[in-house]
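Please build the complete structure, drawing on both the sequences and the hints.
For what it's worth, the numbering used here labels the leading residue of the sequence shown as 72, then goes sequentially.
Hints in this document: simulated from the structure, not taken from any laboratory. Where is the CB? At the ideal position from N, CA and C, for every residue including glycine. No incorrect hints appear here.
Just the calculated beta-carbon pair ranges, DEER-fashion:
| id | residue 1 | residue 2 | range |
| --- | --- | --- | --- |
| 1 | 87 | 107 | 17 to 23 Å |
| 2 | 203 | 164 | 18 to 24 Å |
| 3 | 138 | 95 | 19 to 25 Å |
| 4 | 190 | 81 | 48 to 54 Å |
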Amino acid sequence: MAQHPKVITAAVQTMQECGVGSGGTRNIGGNSVYHVELEKELADLHKKEAALVCTSGFVANQATLTSLATVFPDIMFLSDKNNHSSLIEGMRSTKAERVIFQHNSLEDLEVKLKNCDPNRPKLVIFESVYSMSGGIAPIEEICNLADKYQAMTFIDEVHAVGLYGPRGAGVAEKLGVMNRLDFISGTMAKVYNTL
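See the structure below:
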């Protein structure tokens, strides 16, 4: 698609209207209508209320986890052992307590959730498709445990966006469980890229 004439024509027209850069980050240089339209389209893709476009998936994961630790100062992160470095760095950049559960182990996750204060904010962090192994998480079962122990869920769909589901939203869409996930991280750098 990066070489498709319609894509190239649209990119050239947009650059002629808006220029080639804002001169800084969005919080300095401002939003364009294209940012807003893209975020609406991405929110619709993942059936969420809103979306936020970041400069990369790495930055998105880091920023989201840092922000959640600010919003929920006592949050506990429960992280799959094989999570991507962006998720690990996002957790490390906070003062939040981190608990690691064995890769795709529902049994270990449940033990860890049982040991948490039921009133404490908790976030189960995992990937749909793990980049190093290609393994797929038991998403529905993780959601069941999160519901059982009043935990929120954060899924990184970066390696699944564009490949799974009728609209390409990822494995959670394919399984019909997007509505059960609180936070979904995706990317345009894999299947949807133009670079």
